[in-house]
Amino acid sequence: MLKIFTLLADLVVYSWLGLEPGTHISESLHFFIEDTTKIFFLLATIIFAVAIVRSFFPPERTRKFLAGKNIYVAHLLSALLGVVTPFCSCSACPLFIGFVEAGIPLGVTFSFLIASPMVNEIALVMLFGLFGWKIAGIYLITGLMVAIIAGIVIGKLHMERYVADYVWEIRVGDAGVQEMDWSDRINYAKGYVKDIIAKIWLYVLAGIAAGALVHGYVPQDFLLRYAGPDNPFAVPFAVVLGVPLYSNAAGIIPIVHALMEKGLPLGTTLAFMMAVTSLSFPEMVILSQVLKKELIAAFVAIVTLTIIMVGYLFNFIM
Amino acid sequence: MKIEVLGPGCPRCQTLESNVKEALEQLGIDAEVEKITEIGQIAARGVLSTPGIVIDGKVVSAGKLLSVDEIKALLKKS
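The listed protein sequences derive, respectively, from chains S and R.
To convert a position in the first sequence, counted from 1, into this note's numbering, add 13.
To convert a position in the second sequence, counted from 1, into this note's numbering, add 3.
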């Protein structure tokens, strides 16, 4: 089905513009046209579908659902719900308080907080569109693994005393948010698609343009020489590079796509993308309202280490 | 009528607040609009996803950036 976008790019570049296949400029332009049309089509359709699913899982309901479950089941469910529950970083604090107050263990709450930004629908759409369903699937599963493992480790460290003291005193009210009907859900999904596209379209275009330049102009084995499977430091380096790039998650994936074509190994690629999406400086600043700095440091360190291990694992088995 | 807009101050929350004021003006309702930015206060109202709207102590919306028309519909109901 996605073939149609290759054909469209063929038509524009080779027929209408009459460019010769195989040149730097035609390769770059073909890449840009194919990827932009495909990605925006996928973003609009898939985010709409995801928003409909999401309308069934408001966080106010999620926390009631998670409270009192077996601890390992709770970690798994928490990570899965993180994927489908609407979440923006400015909601992170009320959400954290709501979870903790419902008696959900700290580690389980972190599984949710890690999965929610990392395995989000924008990253999944971009991965599916550019890399195919296999890589998108691997990202989904390893992302959930990272969220579960890091959450369990944080839980085992018993860091409850590093949660800001006032958090334990808050009593969360019962909002009794009204059930949406189908026309509400469709309106919600439409609004959601519009919000997301308005927020990320520029990053997506810039990312695909940069990716197109890499695709057309960077030599085929360029990265193999520096960041190939033989370099043991490539994974931690990619992760450290990825952490400060949060705001460009939508823009970074097309570039990563082009880099992977030029020989960046899968594990290093995955680790880099996870570092970009899961840890961000603005989110840490927001979370510092409810977490003491020791817990934030532990959170960043544990997630970073888990992502590095996933990177090594995939470089080793592929 | 007393309306509270809940949100820690992200762009979505600010847009919602101005939409609420616009809706009130269009309907000619004179209501007190208060912005609640303190996280504890937001959570205490049971809202875990911002922005949220509370009308006369009742949560009517959470986690959605409602349009002016949607807010007008909510105002007419309460």
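Derived by calculation from the structure, the hints in this document are not laboratory data.
These figures come from a predicted structure and were not determined experimentally.
The beta carbon of each residue, even a glycine, is placed where N, CA and C say it ideally should be.
Errors might be hidden in some of the hints.
Just a sample of chain S residues kept apart from chain R, beta carbon distances all over 12 angstroms, derived [what the hints assert, rightly or not]: (1) LYS51; (2) PHE53; (3) LEU215; (4) PHE327.
The calculated DSS-like cross-link candidates involving lysine-lysine, where the alpha carbons are at most 27 angstroms apart (straight line), are [claimed, not checked]: (5) LYS24(R) / LYS38(R); (6) LYS207(S) / LYS38(R); (7) LYS207(S) / LYS5(R); (8) LYS61(R) / LYS75(R); (9) LYS24(R) / LYS207(S); (10) LYS24(R) / LYS80(R); (11) LYS75(R) / LYS203(S); (12) LYS203(S) / LYS79(R); (13) LYS38(R) / LYS75(R); (14) LYS212(S) / LYS75(R); (15) LYS77(S) / LYS24(R); (16) LYS79(R) / LYS212(S); (17) LYS306(S) / LYS16(S); (18) LYS61(R) / LYS77(S); (19) LYS38(R) / LYS79(R); (20) LYS80(R) / LYS203(S); (21) LYS80(R) / LYS212(S); (22) LYS212(S) / LYS24(R); (23) LYS207(S) / LYS79(R).
Right, here's what the structure says about each hint:
1. LYS51: It holds; LYS51(S) is separated from chain R by about 28 angstroms at its closest Cβ, greater than 12 angstroms.
2. PHE53: Given a closest Cβ separation of 21 angstroms, the condition holds.
3. LEU215: holds (15 angstroms)
4. PHE327: The claim stands: PHE327(S) keeps its Cβ more than 12 angstroms from every Cβ of chain R (closest is about 33 angstroms).
5. LYS24(R) / LYS38(R): holds (11 angstroms)
6. LYS207(S) / LYS38(R): Given pair LYS207(S), LYS38(R) holds - Cα atoms ~25 angstroms apart, limit 27 angstroms.
7. LYS207(S) / LYS5(R): The hint is violated at about 30 angstroms.
8. LYS61(R) / LYS75(R): holds (16 angstroms)
9. LYS24(R) / LYS207(S): Holds - the C-alpha atoms of LYS207(S) and LYS24(R) are around 22 angstroms apart, at most 27 angstroms.
10. LYS24(R) / LYS80(R): holds (17 angstroms)
11. LYS75(R) / LYS203(S): holds (19 angstroms)
12. LYS203(S) / LYS79(R): holds (23 angstroms)
13. LYS38(R) / LYS75(R): Since the Cα atoms of LYS38(R) and LYS75(R) sit roughly 18 angstroms apart, the hinted pair holds (cutoff 27 angstroms).
14. LYS212(S) / LYS75(R): Holds, because 26 angstroms separates the two Cα atoms, which is no more than 27 angstroms.
15. LYS77(S) / LYS24(R): violated (33 angstroms)
16. LYS79(R) / LYS212(S): Given pair LYS79(R), LYS212(S) is violated - Cα atoms ~31 angstroms apart, limit 27 angstroms.
17. LYS306(S) / LYS16(S): violated (49 angstroms)
18. LYS61(R) / LYS77(S): holds (20 angstroms)
19. LYS38(R) / LYS79(R): Given that 27 angstroms is the threshold and the Cα spacing comes to 21 angstroms, the pair holds.
20. LYS80(R) / LYS203(S): Given that 27 angstroms is the threshold and the Cα spacing comes to 23 angstroms, the pair holds.
21. LYS80(R) / LYS212(S): With Cα atoms ~32 angstroms apart, LYS80(R) and LYS212(S) exceed 27 angstroms; violated.
22. LYS212(S) / LYS24(R): holds (24 angstroms)
23. LYS207(S) / LYS79(R): holds (26 angstroms)
Hints 7, 15, 16, 17 and 21 from the earlier list are contradicted by this structure; the remaining hints agree with it.
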